[in-house]
Amino acid sequence: MSRRRGGAGERTPAAVAVVALVALTIFFVLPLAGLLWRAPWSKFGSVLGDEQSRQALRLSLVCSLSATGLSLLFGFPIAWLLARTDFRGRSVVRALAVLPLVLPPVVGGVALFYAFGRRGLIGQWLEQAFGWELPFTVWAAILAETFVAMPFFVITVEGALRGVDTRFEDAAASLGAGRFTVMRRITLPAIGPSILAGLALTWARALGEFGATITFAGNFQGRTQTLPLAIYLAFESNQPAGIVLSLVLVAVSVVVLAVVGSRVFAMRDRVVTT
Amino acid sequence: MRRTIVIAVALAVSVSACGSSKSKGSSSSPSSTSTPALSGTLTVLAAASLTNGFTALGKEFETANPGTKVNFSFGSSSDLETQIEQGAPADVFASADEANMDKIVAAHDNATAPHDIAKNRLAIAVEPGNPKHIATLADLTKPGVVVVLCDPSVPCGKFADQVLANAGVNLTPKSREINVKATLTKVELGEADAAIVYVSDVKTSGKVLGVTIPDAVNVVTTLPVVALKDSKHAALAAAWVSFVVAHQNELVSDFGFLPL
Amino acid sequence: MTGAGLDVRAQVRVGTFDLDAAIAVEPGELLVLVGPNGAGKSTLLRAVMGLRAVDGGRITLAGETLDDPEADVFVPARRRAIGAVFQDRLLFEHLDVVENVAFGLRSRGTPRRAAREIAMQWLERFGLTALARSRPAQLSGGESQRVALARALAVEPRLLVLDEPFVGLDATTRVDVRRELRHHLAGVAAPRVLVTHDPIEALGLADRIVVLESGRVTQTGTPAEVAARPRSAYVADLLGVNLLHGTLRAATLELDGGHPVAVVNDDAITGPATAIITPRAVTVHTVRPQGSARNAWATTIADLDDQGERVRVRVGAPVPLSIDITPSARAELGLVPGAPVWISFKATDVAIAAE
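Chains as they are written, first to last, in this note's numbering: chain A, 67 to 340; chain B, 431 to 690; chain C, 4 to 358.
No wet-lab data here; the hints were simulated from the structure.
Every residue, glycine too, gets a C-beta built ideally from N, C-alpha and C.
You may find that some hints are simply not true.
[Said to hold, decoys possible] Short derived list, chain C residues pointing at chain A, Cβ under 7 angstroms:
hint, residue
1, Leu54
2, Ala56
3, Thr225
[As the list claims (entries may be wrong)] Just so you have them, the derived chain A footprint on chain C, three or more residues with Cβ under 8 angstroms:
hint, segment
4, 84 to 94
5, 101 to 112
Pulled out of the complex, with its shape left as it was, chain A reads as follows (with noise of 0.2 angstroms):
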């Protein structure tokens, strides 16, 4: 008891702390124990048993996955050149790269159709070349859902690398590391755990992307039925899957994350306390 006295906790203003639990309660807790309460719990085997949900979990997990690598791969860089570069124009690529967040997510369906679609801009060089055919294949989904997800990953990598004490990497340069060293022996270690939350970010942001997918990729069980298609189509017919779909989703989310966020703040507290 004597233990909490005088921590942080004594700091937060009664308003602030009861305003957070009321929005908690609406916003987080209410939902999920709607579905909860509603839950078909005695049909829960039949439906983790049919061979539909389980390619559509299959899928959004290898979807997802591929699209937060792309994100990794793709986003990085960007972020870095938002960060560290200064170029004319800086803030319109910035403006590009944030766009999917503002965009509805059907508009940047029909936007990856008209690049990469049949008769797309380059979707038709592709055809034409190398007999590619993007649009209802899985790669579309996970174009579509990288279309949506990057920019959370840039945002947050570009924060990163402009909080970073450059004095180090000066350091390092003096010593003798060339460019890319520094960059992997320094201010990557500085930002890991800004990195891994942009990550996070980015995969629970491709796993619930419904509308670029359901446009750009089409709906086909086992190639590019997702799980929120298959939610979504449940619904449409037999309602129980649909919940039942649903809390598996929720809770593949909330396992991965909170095991993800609890590292996180671990290494910010001891980055903070070094």
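For chain A, the structure is supplied; the task is to place chains B and C on it using the hints.
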């Protein structure tokens, strides 16, 4: 004792007041012979295939009944049916098939018996000029032809599967879209070579060519409409239903539906 | 100027600040760069280290041109082989001590195992073997200072730079670290540049001193030279001597404020001149003094600064002076700020120089 009587009277008055306010949509006049002047906003949930047709009828209804407004929510019939069951505030429901309407009736959400307003059947939609030379259902299985269908959970998807089964064609589509408009859009955009949709959709699209499906294998669906029991504008809802039933020929002539 | 040392002529503009300075350091020489905040010491250091390019001038080290805008030559920091000990040490938090010291070696291509061995040797030399696996956060101020030095020296630099190495250490640690640093630095053959704002460090460690004020070098020389003839108020303040400006005529220096000071003018200098009076040479009296001192006047005490073994007294108009007296003297005379006193000093205790 006196206080109890006063309270009882007050309760009785308020209960009766509540009861009478339920029919607020209708006019103040109690007369049943004269046509009451209609007013208010109507919410109609209708199948996606009725988009163009109902929108046009809606404007005509508003012109004929100044002071009224008709708001539409178009979507897949199964989607809409779910919403109504969950208590979405709606006044009228128009379905693309009888199965979904039966669910509404079974749940006693209807105010009166449903009325049929049109029929529809399926057709193959292809790009103008028919570059892939699709003439029959079997042609859809030709290599290199990208076909999209509606998802089986929506009426047009169920019917498409039925038609293909009737014709003995084993087709694996590239995608099963969540409603008929999305399905058609894929062909309009040029992303798919063919889709199986309603003839009404082909007619109203203007951007696709229709290939007829033989009557022998085709499915004919009936579109019913009904006013909903929980509607707050009962008279207005009933008026709309009558209006649509009366103008059903317009749906046939202008929007590609089939007559009853 | 032999080929093995550092030769710098640097013109740098940073916003509204502009630096125009030249310094040279021979191998084996320890140059101390002093100056007030904002003088441009860090800017100069960064230019020498290659963290920024000069706008004009030239930097050469051991015969190699590192920066020459006119010839379009710029060697980036990582290739300059300059070791640095930074203000705040800047040890890499996520690496342990051995990895920190080995960092430079590994960055230059030494394989991991070999680099660690060399690093361990350096740690031994600095008496840090027990801390090899510790994290920087676990080290004391003095320990991290040694690690930073070992890290800089491990790459066998051609030039060693120390930027305010004593900042952030408490008083007792400073004394120890200063002594240690002196010992370790003595063993380094390369030219060394140390930046500080502490006069004791400057005078104690330097082979030569360069004074930088507002982007310009105002004085260079050995510690003795600088101490004997401070050229600016900053240096005088730094050294704790009294510096007065005036015009010299025969045996009188007429100060800029008008007050006369009696001096001994053996070289018959006339014209603008400076006079230096050490704080120890001035005496404080409570009544008008009688005696041979030619300079005596009434003044008021501005403040008293107890510095342990002595008390630094500052008096005000007509001539502000710093005076050192013993604590017992202060107690005896009952000196307090605002008290009226007389001061005196001999003409022979005034060192004059033509300006």
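Structure-based check of all given hints:
1. Leu54: holds (5 angstroms)
2. Ala56: violated (14 angstroms)
3. Thr225: Violated, because the Cβ-Cβ distance from threonine 225/C to chain A comes to roughly 29 angstroms (cut-off 7 angstroms).
4. 84 to 94: Since three or more residues must qualify, the claim that chain A covers the segment 84 to 94 of chain C holds, with 7 doing so at under 8 angstroms.
5. 101 to 112: With 4 residues in contact (Cβ-Cβ under 8 angstroms with chain A), the coverage given for the segment 101 to 112 of chain C holds.
Hint compliance for this structure: hints 2, 3 are not met, and every other hint is.
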